Amino acid sequence: MGLEQYQGDVNMCCRCSACKFIPLQHVKSYDFSYVCPSISRFQFHSYSGGGRANIISAGLKNGFNYTDKFLDIVYNCQMCGACGVSCNYAMDMELQEPINELRIKCVAEGKTHPELERVIKTLKKTGAMVPVQGKRGDWAKGLDLKDATKEKVDVLFHVGCLTSYNKDMHKLARATAQILKKAKVNFGIAGDMETCCGGRAYQMGYEKEFLKQAKMNMSMIKKAGIKTVVTACADGYHAFKVLYDKYELKGDLKVLHITEYIDMLIKEGKLKPKKALDMVVTYHDPCRLGRLGEPWIHYKGKKIPGDRFVFDPPKEYRRGTKGVYEPPRDIIKSIPGVKLIEMERIREYAWCCGAGGGVNESNPDFAEWTATERIFEATATGAEAIVSACPWCEVTLSQAIEENESSLKVYDIVELVAKAL
Amino acid sequence: MIDKQKLVKIVGTGMVSDREEDLEKYSSDISFVNRVRPAYVVKPGTAGEVQKLIDLANATKTPLVPVSSGAPHFKGDTVPGNGGSIIVDLSGMKKVEFVDRARRVAMVEPGVTFEELIPLCTKEGLRLNMPLLPRKSKSVTGSILEREPVLMPGYQWDMSDPLACAGLYFGNGEEFRTGQAAGPGTLKDQWKVGAVQKAPYGPGTASLHRLIQGAQGTMGIVTWMSIRCEVLPKMQEPFFSASHDLDQLLDLMSWLIRLRMVTECFILNNTNLAAIFATDMEDYQRIKETLPPYILFYNIAGYDYFPEDRIAAYIKDIAVMNQRIGLDTGKSAGLISADGLLKKIQKPCDEPYWKLCLKGASQDIFFLTIYDHMERQIAAMKEMSEEIGYSPTDLGLYIQPIVQGTGYHCEFNLFYDPYSYTESDRVKDLSNMATKSLMNMGAFFSRPYGDEANWIFNRDAATTDALRRIKKIFDPNHVMNPGKVCF
Amino acid sequence: MALSKEIYRELEDIVGEEFICSDPAIMPSYHGSDLGAVVLPENTVQVQAIVKTCNRYKLQFSAVATGWTGSFKKDIVYIDMRRMNRIIEINEKNMYAVIEPYVITAELQAECFKKGLHFNVKGAGSNCSAMLRGHGHLDQSTSGDDRNHLAIEWVTPEGEIVRSGALGSTDEWFCGDGPGPSIRAILTSAVPPGVTPGVFTKAAIKLYHWAGPPKYDIQGLSPKYTLPEVPKNMMARYYSFPSVEKMWQAEIRLGENEICMELMGFNVSMVAANIATCNEDDERIFKRLNKEKKGPGFFVIIAGNSDNDFAFKKKALEQIVREAEGESMKSLEDPETEGILIAQCTRVTASIRETFRAGGAFSSIPIMSQRDLTIKWAIGAGEAKLPLIKAGHIVDDGGAFFGWGVEQGHVGKTEIFCKFDPANEKAKAAVEKWSKEQGRRAFDESYFALMMGEVSDDIKANMCHYDKWWIALTRAFDPNDVAPQGGPLV
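Chains as they are written, first to last, in the working numbering: chain A, 1 to 421; chain B, 1 to 487; chain C, 1 to 490.
By construction, these hints were calculated from the structure, which means they are not laboratory data.
Capping the alpha-carbon separation at 25 Å, the derived lysine-lysine pairs in BS3-like fashion look like this:
hint	chain 1	residue 1	chain 2	residue 2
1	C	468	B	52
2	C	315	B	234
3	B	316	C	315
Just so it is clear, the structure is predicted and the values come from calculations on it, not from any experiment.
Chain A on its own, in the form it takes in the complex (with noise of 0.2 Å):
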């Protein structure tokens, strides 16, 4: 691990700019031809995933030295990873990944954002990435849930800190259980024992309070024999699935977002959605559901000494293809009297909804500037409502909606599909 390794793919970056562009393949029209929130915002090329590259690659060089706008620009990116894919679209080289570790290493060296400091307090001090109010189970009271810990499930749901602390985001977990519940699931909560799964803190850069979240996480889950988690949320599938296995602290743990659980009840026939909604939606691709949710590859290898920069063994690059599109689509598809239109930067090229990397906490306005980015794009397509698969982004979409007064609605998938049910 460590930035060094990616020297070599860093100094790779030809300044193209395809980073700050969906993959040009793509390009369907003006106004939605941007895949970078940064660059689109900040202007400067150093805010793009190139721009990132050239600083490491100099930094690797030269040193680095963290002026207030060095630690400006690697703190405003929400690590979506879209740059990473348009880049991987022409260019054999890691970027995403360099980018990672250059907020790590800022963290290591105590070069933080006092508002990410002041979330990773709360973390330390509550296991969660928000403000804690009540206990983490409450939402579920009166569901009568078994408790995960204390009694055999099948399915672990792992709620997530924003979902079980935010009252306004009850209702997705009080709909993800009526849904398993509907299909006779036999699954359970952490409840109160449920604690962060480190993914934001991650994303910020605080790699050893997410190992601690992740080994907390995994030794309760080997505890209580569960071999199977489903998260309703993005950043907690990401966590589960990829952070904790390019940690190796998976193990054998099956982790499933619920869209793909839900698709996968549907197409079992163990759930069906009976009820006309009758709306016209379009679907936005989380980032850490989509392109980011991808399996992690582990890779281990050597550059091939010569004029290509190729690899023993050949390496295989993550460019977020192998994340989760079709699942929400086809249960969309499958709610009686709902229309999917789709806007123009989709699945793993899709603009991000503006929470990620803590941007939310340190750039409040610019992850509601980069969700007004996202409405603008859903209205274009002339959906009434923009769907989504992740609290953070229906929380960030919604704020966007409200501030534009627009009339869009926002909906988690579980929330069509509990209406519909």
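For chain A, the structure is supplied; the task is to place chains B and C on it using the hints.
For chains B and C alone, coordinates are given in the frame of chain A:
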């Protein structure tokens, strides 16, 4: 005043004239510019002589007025702006260096006329992208330097076409070759390795050929030019589409150009089409009566491979377009056949020159414009004609798409009797009035001549200033055709 | 080094606090230069004010749009044109688009396709500014070099605004020439080191008819985006020929008969780079194609405006190729590959694969001139690459070059690459030596002269002393010497 012997020493005894009748020929032309008599007319025979003349002019601060075409002249650019000028008559420089079929290029000296070059091109299976019916004495080089519109807009990729490269002496006497011709080495060195002088851009960043076009001889003197030629078709099929509604024709024309279906393509009104074919006024009236107001002419060409297929395909496709627009297409318009017009426009005009045939003179008002403005501009011109007492139906109109359809050359031809003060004053007034008024309606007078040039340059002070800075570099002593353009 | 506080504040007043920076943190992403400041103007007025400020303090500046590699003088003011990224107009009837410098090709092309139009896309790729001067895959039917610009809005090095052609007189963009001599002579933009001094803030470029679909229905996943089917009125083929002479004959005839929308003289190494999804794949495909090819070749796309037009073009294409003893490479006729190539080569989205992907760097000798002449030179330059390939310094492309006819073969473009790892000093030195030697040979043998980088005095003298005029012109417009040569607008 310069010593005649100095000129004789450069060009030889018979090539310098200060005879009254020779000077008189260059003192005025058909335009309304003031009469100014030159001091001498010299006829250099070689590029070296041209250079020496420029050197002498610089040494003595004597104005030079380069002229390559024979009379009659129409625009005032060859009439000296200052007294004491020397006319540098290049019409004797008639060498055709080569016509190269494979690279589609010909190289000529400035005295070579269309009439002289066309047969040589035809022999090689090539043709020129011609202006509309140049007079017999018109220099090919002169026409291209003037940026005259060409009949095949699909082959005019750039405004500078069909200029490939040029050899010239700038106003300070230094030699320069534009584009690919710049080097390495001499032209002969280049020919040895198979280089012809074709690519127009460069050398380096600048594309200085653009500077000598539209300059009316104010930047220097061109001593040779290579010209982009087109392939001679194996088969051709010309057509007319005629209408009362100009917009319909413009619509069709824009698609013909956009889809590259046609070669020669332009619109004439009935006045001009009749004038082109008429032998006298009576003939003109007879032909004109049979013609609809506006006539679009287009030609479909087939080349070496399956020419019939190409022509048949485009005839079918154009029929569909005509149907959509509501136009008829045919092989004739009134008494005029499309084949007849094609034949006429693929060579220079027979004598007498068509613009002089009707009344003895023509004042041409021409500008560049876009599709969106043209109908309004034409209507305004008609209104102004009416107002000033020039019958709008006598106005000649020629619309030539330029640069692959990115704009249009719009030309009004005001035929008049030069010996009638009333007529010539009326035409002069109309010309002045129309220029000012059309400028305000978006007409771009890209090639300003005569008195109107001042108003035109006054509209764009920044470009004028830039041009003056450039001029100072290439002609620091201001010897090249002073008083013209904005210099 | 940062600017003085006074100057910084003046520039800040122009663009706003958010859009100026001299922090060392950003410099690595600006070509590793030690810039005085980077400023991001929003409009022409701001550009003008920046330039005037630079004149007042005799500060040098460079304006850059998308900007690949480049090197810039220390302490200059770097005008990053990123915020000037508007499409001002797409004029269908008059076939032009007006754009600002940071509109990238992919954006403009997407909007043009919807209207049945397209334009000359530079080989640098659709990630680059659409305003560039240059050449690309579609030159055959959309011209190239400086010939696609119409009117240009130019902030001179002194900060005056010159609007060329019809723009200055009538506010219309359709023509950049006149009144009188055309200042397009010097407004030729962006091929370093000879860049027109000052800043182009808007330009009109020519548009051409697009016979393809209003948008491609791209399917598949990165890095393999495919077309579900080849549009019915389009066809792509790669033909290889027994000799360069035969290839050129076919190229000329295709041009004269106006058959191809695209005639791109790719060598098979570039075809491989286009369709390969990674470096390893690239090497494999190249080896396969290299065996399959008959000799040198080119890639064509034909597009019919109607069924009749398409049928004629296809028939003529096949006949011309047959006569020149050319053969279509069967493996590339596979509809999936054909679709990929049509989509990528009309949108020019794989240039990065062709250039940087392999080793991270490439060296190129591009020549815009008479095609048959430059091919003669390129054969030798290709042969001279073979020892470098053998030594493992550069990527094996079989010693190939590439190029194509421009404007239906009237003129041409030929280019030759060496792809290498820039961290490999030996390779770098070998490529530099090759480049120098081949450039010199072109001049010594009177083919052409390269005018990029350092140009020797004897070359300048033998090229009509072009440099002298250019220097005089730049001095006339830049009396304070604030606009240094250099800096790509790519």
